[in-house]
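Since each chain sits alone in its own frame, please combine them into the complex, following the hints.
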Amino acid sequence: MSSINLKSTSTYLRQPDTFLRVRWRTFRLSAWLGWQIESNWADPFLFAIYSIIKPLAGAAILVVMYSVITRGDFESPIFPYIYLGNAFYMYVGQVMTGISWAVIDDREHYKTIRYVYVSPIHYPTYLLGRGVARFIIASISVVVTILFGMLFLRLQIDMAAVDWGLLLVGLIVGVNMLAMMGLILASVMLLLVHHMWGLGDAVASALYLFSGAIFPLEVLPAFLRPIGYIMPLTYWLELMRRALVGEVAQAFPTLAGYSNGQLLGILVAMTVAFALVSGVVFRFCEHRAKERGLFDMVTNY
Amino acid sequence: MSQASSSPVLRAVLEQEVKKNSGWRLFIQTVIARAYPRLIGQQREKSWMFFDIFLPILAVSAYVFVYRAIQAPEDYIGFVIVGGAMTAFWMNVLWGMSSQLYWEKETGNLALYIMAPNSLMAILLGMALGGIVATTLRAATIIILGSLLFKVSYAVVSFTQLFAVFLLAMAALYGMGMMFASVYLLLSREAWHLSNLAQEPVYLLSGFYFPIKNFNFWVALSASVIPLTLGLDAMRQLAFKTGGALGFLSVEVELLVLLALSVFFLAAARILIRYMEKLAIREGRLTESRR
Numbered sequence: 001m002s003s004i005n006l007k008s009t010s011t012y013l014r015q016p017d018t019f020l021r022v023r024w025r026t027f028r029l030s031a032w033l034g035w036q037i038e039s040n041w042a043d044p045f046l047f048a049i050y051s052i053i054k055p056l057a058g059a060a061i062l063v064v065m066y067s068v069i070t071r072g073d074f075e076s077p078i079f080p081y082i083y084l085g086n087a088f089y090m091y092v093g094q095v096m097t098g099i100s101w102a103v104i105d106d107r108e109h110y111k112t113i114r115y116v117y118v119s120p121i122h123y124p125t126y127l128l129g130r131g132v133a134r135f136i137i138a139s140i141s142v143v144v145t146i147l148f149g150m151l152f153l154r155l156q157i158d159m160a161a162v163d164w165g166l167l168l169v170g171l172i173v174g175v176n177m178l179a180m181m182g183l184i185l186a187s188v189m190l191l192l193v194h195h196m197w198g199l200g201d202a203v204a205s206a207l208y209l210f211s212g213a214i215f216p217l218e219v220l221p222a223f224l225r226p227i228g229y230i231m232p233l234t235y236w237l238e239l240m241r242r243a244l245v246g247e248v249a250q251a252f253p254t255l256a257g258y259s260n261g262q263l264l265g266i267l268v269a270m271t272v273a274f275a276l277v278s279g280v281v282f283r284f285c286e287h288r289a290k291e292r293g294l295f296d297m298v299t300n301y
Numbered sequence: 001m002s003q004a005s006s007s008p009v010l011r012a013v014l015e016q017e018v019k020k021n022s023g024w025r026l027f028i029q030t031v032i033a034r035a036y037p038r039l040i041g042q043q044r045e046k047s048w049m050f051f052d053i054f055l056p057i058l059a060v061s062a063y064v065f066v067y068r069a070i071q072a073p074e075d076y077i078g079f080v081i082v083g084g085a086m087t088a089f090w091m092n093v094l095w096g097m098s099s100q101l102y103w104e105k106e107t108g109n110l111a112l113y114i115m116a117p118n119s120l121m122a123i124l125l126g127m128a129l130g131g132i133v134a135t136t137l138r139a140a141t142i143i144i145l146g147s148l149l150f151k152v153s154y155a156v157v158s159f160t161q162l163f164a165v166f167l168l169a170m171a172a173l174y175g176m177g178m179m180f181a182s183v184y185l186l187l188s189r190e191a192w193h194l195s196n197l198a199q200e201p202v203y204l205l206s207g208f209y210f211p212i213k214n215f216n217f218w219v220a221l222s223a224s225v226i227p228l229t230l231g232l233d234a235m236r237q238l239a240f241k242t243g244g245a246l247g248f249l250s251v252e253v254e255l256l257v258l259l260a261l262s263v264f265f266l267a268a269a270r271i272l273i274r275y276m277e278k279l280a281i282r283e284g285r286l287t288e289s290r291r
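These protein sequence lines map, in sequence, to chains A and B. Everything in the first sequence is counted per my numbering, starting at 1 for the first residue and increasing by one. Everything in the second sequence is counted per my numbering, starting at 1 for the first residue and increasing by one.
Next up, chain B with everything else stripped away, as it sits in the complex (with noise of 0.2 Å):
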């Protein structure tokens, strides 16, 4: 020990001050750390291309030679392919986000995230940030393959309209995987059941495979509460010839209706995060797994 503090440079880095960041600049920092694993992930590891990609694909096949055997309309099959696109982003917010905190508490980690001078919300946000931008790739490539595949014709009405309908349906899609994140925490073990429920009944009520307007009025509304659902219907109106007549409301109001729904969720994680938090400090209970 005396050896070491005797050493000259390593008295120096011991002496030297260690620069921390707070207030915005450490949020920025946290937000960019949280996203930094998922968007590096991509690089280290090239097989999710293969399960992210080449499956997603198969089960959107299916369901086009479906549409292919009833002999519907070929924008039904651009339809499929969208929606079978979007299913990444749903995959990634139940299991990459939802279930998140969860796995991290399963792993040790959630108990290091909250006793980390940051904030919670922060590592949310990361997760979300870094969740798009990896997921938005796995979804073009999708789009794009798919799109060549089975020859799919594209009319958009007006691409500013598409990407602000893409933005805010992320926005609000994420907002609820981070504002679900908690819940799914304070669920423990009975997430896991809870992304598997959520699968296949929200591809049905959210219309991933056909225009949700087939929908009786009050279904399709109360499944508008999940983002995806007027996402998808934007969507489809803007970049469809027939896309306009099978919308279920106009573009404008799905954009205004998104534009709530993202404020509501993203205020609803913030809530929730903190009370999660307090919980885990009072009780101490939190973070212990438990199987």
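So that you can see chain A by itself, here it is in the shape it has in the complex (with noise of 0.2 Å):
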């Protein structure tokens, strides 16, 4: 028995651990921890309606102001601007913030950081693992949302006219810009002690109000419309609305001059210079927090 096990552990330590062996053994395990620590709080029943109460109530306050001054007018155009930009809005919350509360988890709530960072893994893809349970949530909770949107707010999103190539490479785009995003977040939380939990909220709300997300950028005073052009979201979330309901991008000036294939050229560059980013930033951050004994201390030291 003793001899398989040592031959057994003979031939993985031989086994040449490639670059992309770790990452992915890295992504898929802590994936499974993410979606672990995720869903196993509350039974099925009561996890669903968390992840179905929470986003449609907050589609539901849009949709009662609009309903409120507009007299329930769902076909004006500005109605499934403000609605899918809100939906799709939710993946920014989930995905970036959850990426970076893996650390505020990790150190703070579990107290395994120092154990998890020890072991045999790659620490940034172990984080970027665990966004993988926050995108499904988000995915469920969209899907969620624009369904109910079509069923009972009339949200006119005709099926035989969406571009699901786009719509999907669009998606695949995004969300890895999202995850280089909470990279950058995650690593500046590897420095902070304080006030870590209102990081995330304030970089989501900040990029929520300047990315047109739930509104043209025209109506924003004209001094700060720059900040929603050097957004990848901006960008992000208009190729996803364009996917869906095509006509709807050409009653809005904001981006009009701009063809599908533009939009997603500027995506995927922002996304590509954002993973640079994440990439320099980790290490500085990994660097400081270890030189300042940073990394495992939690607030209440």
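Heads up, a few of these hints could be off.
Unchecked claim - Example chain A residues on the side facing chain B (calculated, C-beta under 8 Å, incomplete):
#1 Tyr50
#2 Ala57
#3 Ile61
#4 Val64
#5 Val118
#6 Ser119
#7 Ile214
Hint data in this document are derived by calculation from the structure and do not stem from the laboratory. Note that CB positions come from ideal geometry on N, CA and C, so glycine has one too.
The following block contains the structure:
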């Protein structure tokens, strides 16, 4: 028995743990861990309510605001603009903030960050993997919110006219972009002991305001609009709207001058830039956190 | 030891009778002691200004721009600013009151609270008073900044009634928070998720960003169990030109309901905290931390 174990261990040790294999193993296991954490706290029924009621209520606030003023004019192009922007924005809160919350959870709540960090994993990949569960939850919420809009709010999405290819490619690139932003945020969390609770919300709120998620950028004062144009989220949300309801995009001049290909190109370029920046920021923050002894320092130190 | 007891200063200290308060004096002392950290914390760490003022203003601004995008009347901008400021109180009740005893359990303070010869009700009241004062400062700052940024104009009908509505809404709201503190403690780790869940649905039902009158009467009436629903409605009626026409019930009726809610929630808080205290003594498990 022991010889078998020794043999398998030595075989394992002799295997060249390639760059991709370590990362894939890390990603797979941290995604599983994230799912266990996110879904294991309550029974499935309560979990479903939690991931449906909260986003629907958030969307309903906007729907009631809109309906009170326009007396229920859901045919206007501004309604799908607001509704879809808000629905897809759920990914921002869940994926970006979710990845950064892995640091808080491991350090403050479970107090396992030091054990996770010293284990034979690639730590940035581990953080990204922890966002997978949040991505799944967000996807459920987004689908439910859009279906609710179609069934009860006359949100007009013609399934035959949906650009599924653009939707899929845009979603993949967008989620990767959000993951890179989440990694930057998680890296900063490594240095923060106080106030890390509010940082994710702070960034998400700022992006919500400046990315034109729920109103066209033209509504913002002129001096604030450039902030929206330098954010990848602005282009991503526009792509998602164009994929689902193409004609809505033409109703607003914000990005009317750009073709779908151009928007996708800008989004890919920004995602690559964020990936590079996230690598640099992570290495810097990781080094500083270790140097200053902040890595496993909890709030109540 | 013998050297120490031979010191005349130390002997004098040891022999000095410690004056201990009891009854209502101890109650007041406990209230002040528990409110103190909430107030003094404002002074010690100024960074709350960023997280508790700047962030709500960002969220409120997004809703203001939605109203601007759909060309809503200007009073609606004011409704959003006031509603956005009141979210500070709801957040404080959820995370600083309802979840507080649970946090105290997690950090080991709850056992000390229960063992100490003071009233748990006084501890809850201290938390509430400290929370009200600290959050009022934040809410006022949000209203002032938001009003200046978006040029909101107010038309206050009666300052006395406005003040009475605010006081009663706070009494009822924090009474509700005191009641939930015991409930959350009994629910243990589900508390975190309950607080999370009670944000957007309450913002929706209580009409934080629009007049509650737009809902069906029975929906609005059910939502009135949450004190901020009627508190906000009455404040809008009293502070804005078009508020009266958009009110759910008359201000007088809303004041009476808020008074009734205050009495109910404070009484319920007292009953539940006693039950929780008995449970802690009988089962001896209430203060154990389980993850």
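To see whether the hints hold, each was checked on the structure:
no., hint, verdict
1, Tyr50, "6 Å, holds"
2, Ala57, "4 Å, holds"
3, Ile61, "5 Å, holds"
4, Val64, "6 Å, holds"
5, Val118, "21 Å, violated"
6, Ser119, "20 Å, violated"
7, Ile214, "5 Å, holds"
Going down the numbered hints, you'll see the structure goes against 5, 6, while the others check out.
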